[in-house]
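Top to bottom, those sequences are chains A and B.
Take any residue in the first sequence, note its place counting from 1, add 26, and you have its number in my numbering.
Position 537, counted from 1, in the second sequence is what my numbering calls 524; the numbers after and before it change by one each time, with no gaps.
Careful, some of the hints might be misleading.
[To be verified] Interface residues of chain A toward chain B, partial, derived using beta-carbon atoms under 10 Å:
no.: 1; residue: Y79
no.: 2; residue: G92
no.: 3; residue: E93
no.: 4; residue: K97
no.: 5; residue: L160
no.: 6; residue: I198
[To be verified] Mimicking SDA-like on lysine to any residue, the simulated pairs with C-alpha atoms at most 20 Å apart in a straight line are:
no.: 7; chain 1: A; residue 1: K107; chain 2: B; residue 2: L454
no.: 8; chain 1: B; residue 1: K460; chain 2: A; residue 2: G75
no.: 9; chain 1: B; residue 1: K491; chain 2: B; residue 2: V508
no.: 10; chain 1: B; residue 1: K245; chain 2: B; residue 2: P193
no.: 11; chain 1: B; residue 1: K445; chain 2: A; residue 2: T197
no.: 12; chain 1: B; residue 1: K460; chain 2: A; residue 2: I198
no.: 13; chain 1: B; residue 1: K474; chain 2: A; residue 2: I29
no.: 14; chain 1: B; residue 1: K469; chain 2: A; residue 2: I198
no.: 15; chain 1: A; residue 1: K107; chain 2: B; residue 2: H410
no.: 16; chain 1: A; residue 1: K108; chain 2: B; residue 2: K408
no.: 17; chain 1: B; residue 1: K457; chain 2: A; residue 2: D143
no.: 18; chain 1: B; residue 1: K192; chain 2: B; residue 2: S249
no.: 19; chain 1: B; residue 1: K406; chain 2: B; residue 2: A372
no.: 20; chain 1: B; residue 1: K81; chain 2: A; residue 2: K108
no.: 21; chain 1: A; residue 1: K108; chain 2: B; residue 2: P193
no.: 22; chain 1: A; residue 1: K107; chain 2: A; residue 2: F138
no.: 23; chain 1: B; residue 1: K125; chain 2: B; residue 2: I274
no.: 24; chain 1: B; residue 1: K457; chain 2: A; residue 2: D172
no.: 25; chain 1: B; residue 1: K476; chain 2: A; residue 2: D172
[Stated by the list, open to error] Computed Cβ-Cβ distance ranges for the label pairs, DEER-style:
no.: 26; chain 1: A; residue 1: G133; chain 2: B; residue 2: K192; range: 25 to 33 Å
no.: 27; chain 1: A; residue 1: I194; chain 2: B; residue 2: N417; range: 48 to 56 Å
no.: 28; chain 1: B; residue 1: A486; chain 2: A; residue 2: A50; range: 49 to 57 Å
no.: 29; chain 1: A; residue 1: E103; chain 2: B; residue 2: E(-11); range: 34 to 42 Å
no.: 30; chain 1: B; residue 1: E459; chain 2: A; residue 2: F38; range: 29 to 37 Å
no.: 31; chain 1: B; residue 1: F419; chain 2: A; residue 2: I46; range: 42 to 50 Å
no.: 32; chain 1: B; residue 1: F419; chain 2: A; residue 2: E103; range: 22 to 30 Å
no.: 33; chain 1: B; residue 1: V463; chain 2: A; residue 2: L47; range: 38 to 46 Å
no.: 34; chain 1: A; residue 1: K207; chain 2: B; residue 2: A566; range: 55 to 63 Å
Calculated from the structure, these hints are not laboratory results.
Idealized CB from N, CA, C, for every residue including glycine.
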Amino acid sequence: MNILIAILVLGFIAALFGAILGYASVRFHIEGDPIVEQLDALLPQTQCGQCGYPGCKPYAEAVANGEAINKCAPGGEDTIKKIADLLGVDIQPLDENHDQNSSLGNGPTVAFIIEEDCIGCTKCIQACPVDAILGAAKQMHTILIDECTGCDLCVAPCPVDCIEMRPIPETIQNWQWDLNKIAVKQVE
Amino acid sequence: MESIIERINQHKFWQFHGGIHPPEQKALTSGKPIRQLALPKQLILPLQQHIGRQGDLLVKVGDKVLKGQALTQSTNPMAVPIHAPTSGIVSAIKKSVIAHPSGLSELCIFIDVDFEDTWQPREICQDFSKLSQQQIIKKIADSGIAGMGGAGFPTHIKVNTKPDINFLIINAAECEPYITADDLLMCEQSEAIIDGIKILDILLKPAFILIGIEDNKPKAIKALQYATKDIEKINVCVLPTKYPTGGEKQLIKVLTGKEVKSGNLPIHTGIVVQNVATCFAISDAVIHDIPLIKRVVTLTGQSLSKPQNVWVLLGTPVSHVLEQAGFTSEVAPVPNTPASNPPVSNPPVIMGGPLMGFNILNEQVPIVKTSNCILAPSKTEMPSAFDNSSNEVECIRCGQCSDVCPSQLLPQELQWSAKAKDHQQLTKLNIFDCIDCGACAYVCPSQIPLVQYYRIAKAEIRQQQQLDIKSEKAKVRFEARKLRLEKDKIAREEKHKKAAAARKATMNKKTAEGGSATSAVAAALARVKAKKKAKENSNDLAVMVDEKTVSKSIVTSSEVAENTNGNDESGEKSQVKAAIARAKAKRLAKKNEVSEGKVTHSEETKASDELRVSSSEEAETSDGLAVASNEKAEASDELRVSSSEEAEANDELRVSSSEETETSDGLTVASNEESNHETKPNNSADDKKAKIAVAIAKAKAKAKAKTKTKKEKKEPLPTSDNKKTNITTAGTDDKKARIAAAVAKAKTKAKAKAKKEHEKQEGLLRVASSEEKTSFKPSNEESE
């Protein structure tokens, strides 16, 4: 008899909690995966497509669904580490298929249009994912350096090959205290 | 407040946490008066010698400048002007190494000194107490005064405050070893300094004025006490010697017991701190109209035979200063090893003191507003300065560093986090409160260069913040662009829908033309089917391709024809149709280009007038087209109109052929359609044949143009001439026209085959260009 009461009471409690959980899962349901937003916040937003996805948000969604985390070339090792921390997966080295702006090696770069060669075809304007190129058809095109993310997508479409990637100049404001890089000259 | 004043009057000051007592080494220079240096041959003046923005140039190369003449100006409040320290000629304005630990170059004005030392006209102010606050601030701003204690913050901003100031503190501490510049200045110019303090009194109206000075400067203390003996408001406070008492927040703590909160400025606690040298400069500027053109610099170190304080003109190269001080390098130059340690100049010359100074690696570095000392040690005096190798060993967790930190930080923890690049932890440990005093590195038994690690970490954190802001901006722009493209797409589709609806409306409305239109459509469809069957067995890829384009262009041309068969009101619509047809043809052509593709090179695409519509084939086809279109001509007027349109089309071809040849194809298609508009079909049979011929010729032209490479350049064809001859044979030459069209067809077919083989041999593929956005904007087209 007592056992029966005990079973009934526990069963009732279980049912009650089950109902509460069911109600909560419907009432507080959110669309989409918040992890995607967090992942997207870690990515560098260059929208270059080197990872194979058309933009950083799609790659974030893919990573949330299990895609490899080592595909972001502009993000580099730092981003891989941060994503690994967020998701709790192992750090993998950057995918070797991606050749980082190989002509200049390391360092961030921005695009530069050689104005003598530009013919005003607007193809680079259509290619830029962040609209960092100013210009109109048959007018001179120019890069807005502050907006350029260095993603490299404008270099290929140019029919006259007048866009090149240049390193961002070092100033006192962005000097990183690398004392070993300073040129030494004899004093007296 | 009163309790603070009581304590001050009783000389019972507070203490700040930590601090060190390094050997003072001030006896080298403290006994000698300030000397005037000989004028250097050249002055190098960086445009920016302060925290903030540089001004705009007022002079150019070749200008003659007078002593005290302003060289830059700006309306930006954070900009401080620079002035010519002596008369001379501007010989260059270019980038040169500046007085910064990075060794980077910034824009500098080079002045060749003419040794005349001619002043520009000045106006002496007899009584500064009569000046208004605004006037004083303007004088200070125009005189280019920045904080001369080392940071270089624009003074006119610091003294231009609204809130009530409780304390104006004058920083006469000069706590760093070796430096005696402020000491000597106070000994020799105490009157002027007090004048400057009085001017600040007028500006800030503080409740109390305190001069904080260390007790290792007895002569200066006496001088100041004498100068202020009749001024109640100014208190000379003698403080125990400790490094870094001269730090802003540390001085405030010692004098008033108040602590400036982390991240706050002294102004938030109602306190303003100014250096004595800045006060001297203020008095010079307001009373004597002398801008900031010189300062006292301590030349010290046992490598100098004449260590002394000197008045140095701003912009004097360090090489001249050292030469005047009798600098002899006692050591032979040692090559810098690429070790983990930063490179040192051989022999080492330090700008600043032993704890907060930096190595000068280039003798062209000029003295600027914030340079207070040049230290040239000897090897026995400072062996570590000559040492290239790193003596750093592991941290032994002794805790001496946190004992001495004046900002009450935890240098040991900061060091662990900095080496691990743990930015989050560093920010939690308040790394940005570190004043880079070097006390922790001074006491570290493992000789870890702590301040270097902190500086690197701070720079990295700042850069990461900048990158975050940048990527936010990029995200926003990307989203905006996506929205814009979507809107454009929707707008385009709307336009298409409207056009289609309008077409249907006309078809249904005007039954006469509508009937003929629908029958024309049916006829066209029938033709297409027949053609398809006929061409099924052909092997020619180009023809297969042509088929698609032919069918499409036939459909479009018939659509166009049916539309214009009607009335003039649809003239506009026909143009729209033409544009749409052009676009479609272009799209098709682009798709077809996937299988081939030529690299377009810059030299060939340069000036559009260099490019010619190439080849006789195209001329032939355009002939054929002209002939075909002429068949329909009744009146020669219409023909001329059509030929002129074709001429236009060919011109457009020339202009736009720099991009893609299929564009020109599209245009030829369009031009033919336009010519179709103007011509009125005589009878349906001829009409159909003509249309077929036209379409086939069009398609051939497209195939040919595609297979052409940019390298072919042939002389421009006077297509207009040929057209004219054709015009004359207009109405009577149906048969001739048909023959000509057939000939054209055959020739183009043959050439197309040849081209195809050529293509296959070369086998160049430009995947990128084919994958390029095939979407295009009608607006671009219309503007072409």
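Now for the hints, and whether the structure bears them out:
Contact between Y79 (chain A) and chain B, as hinted, is not supported at the beta carbon level, the nearest pair being about 13 Å apart and thus beyond 10 Å. Taking 10 Å as the C-beta contact cut-off toward chain B, the hint placing G92 (chain A) at the interface is violated, the least distance being around 24 Å. Because the closest C-beta pair between E93 (chain A) and chain B is about 20 Å apart, greater than 10 Å, the hint is violated. Checking K97 (chain A) against chain B: minimum C-beta separation of about 17 Å lies over 10 Å; hint violated.
Because the beta carbon of L160 (chain A) sits about 13 Å from the nearest beta carbon in chain B, more than 10 Å, this interface hint is broken. About 6 Å separates the beta-carbon of I198 (chain A) from the nearest beta-carbon of chain B, less than 10 Å, and the hint is met. Distance hint between K107 (chain A) and L454 (chain B) is fulfilled; the C-alpha atoms sit about 17 Å from each other, no more than 20 Å. Under the criterion of a C-alpha separation no larger than 20 Å, the hint pairing K460 (chain B) with G75 (chain A) is consistent with the structure, at around 18 Å.
Between the alpha carbons of K491 (chain B) and V508 (chain B) the distance comes to roughly 13 Å, so the proposed pair stays at or under 20 Å and holds. Of the pairs offered as hints, the one joining K245 (chain B) and P193 (chain B) holds, with about 16 Å between alpha carbons and a cut-off of 20 Å not exceeded. About 16 Å separates the Cα atoms of K445 (chain B) and T197 (chain A), which keeps this hinted pair within 20 Å; it holds. At roughly 23 Å between alpha-carbon atoms, K460 (chain B) and I198 (chain A) are farther apart than 20 Å, so this suggested pair is violated.
About 69 Å separates the Cα atoms of K474 (chain B) and I29 (chain A), which puts this hinted pair outside 20 Å; it is violated. Taken as a hint, the K469 (chain B) and I198 (chain A) pair is broken in the structure, with Cα atoms around 36 Å apart against an allowance of 20 Å. With a C-alpha separation of about 13 Å, the suggested pairing of K107 (chain A) with H410 (chain B) holds against the 20 Å cut-off. This hinted pair checks out: K108 (chain A) and K408 (chain B) have alpha carbons roughly 12 Å apart, not beyond 20 Å.
Distance check on the hinted pair: K457 (chain B) and D143 (chain A) sit about 29 Å apart at the alpha-carbon level, beyond 20 Å; violated. Proposed proximity of K192 (chain B) and S249 (chain B) is contradicted: the alpha carbons are some 26 Å apart, above 20 Å. Taken as a hint, the K406 (chain B) and A372 (chain B) pair is broken in the structure, with Cα atoms around 24 Å apart against an allowance of 20 Å. Distance check on the hinted pair: K81 (chain B) and K108 (chain A) sit about 43 Å apart at the alpha-carbon level, beyond 20 Å; violated.
Using a Cα cut-off of 20 Å, the hinted pair K108 (chain A) and P193 (chain B) is violated, with the two alpha carbons roughly 51 Å apart. A hinted pair counts as satisfied when its Cα atoms are at most 20 Å apart, and K107 (chain A) with F138 (chain A) does not qualify at roughly 31 Å. At roughly 13 Å between alpha-carbon atoms, K125 (chain B) and I274 (chain B) fall within 20 Å of each other, so this suggested pair holds. Annotation: proposed proximity of K457 (chain B) to D172 (chain A) holds, straight-line Cα distance about 8 Å (limit 20 Å).
Distance hint between K476 (chain B) and D172 (chain A) is unfulfilled; the C-alpha atoms sit about 28 Å from each other, more than 20 Å. Our hint of 25 to 33 Å for G133 (chain A) and K192 (chain B) is violated, since their Cβ atoms are close to 52 Å apart. Judged by the Cβ atoms, the range 48 to 56 Å given for I194 (chain A) and N417 (chain B) is violated: they are separated by roughly 30 Å. Roughly 53 Å separates the CB atoms of A486 (chain B) and A50 (chain A), a value that falls within the hinted 49 to 57 Å.
A hinted range of 34 to 42 Å for the beta carbons of E103 (chain A) and E(-11) (chain B) is inconsistent with their spacing of about 59 Å. With their beta carbons about 52 Å apart, E459 (chain B) and F38 (chain A) fall outside the hinted range of 29 to 37 Å. At roughly 47 Å, the beta-carbon separation of F419 (chain B) and I46 (chain A) lies within the given 42 to 50 Å, and the hint holds. Taking 22 to 30 Å as the suggested C-beta distance range, the pair F419 (chain B) and E103 (chain A) conforms, at roughly 25 Å.
Taking the beta carbon of each, V463 (chain B) and L47 (chain A) are about 39 Å apart, inside 38 to 46 Å as hinted. The hint said 55 to 63 Å for the Cβ distance between K207 (chain A) and A566 (chain B), and at roughly 57 Å that hint holds.
When the structure is compared with the earlier hints, violations turn up for hints 1, 2, 3, 4, 5, 12, 13, 14, 17, 18, 19, 20, 21, 22, 25, 26, 27, 29, 30 and for no others.
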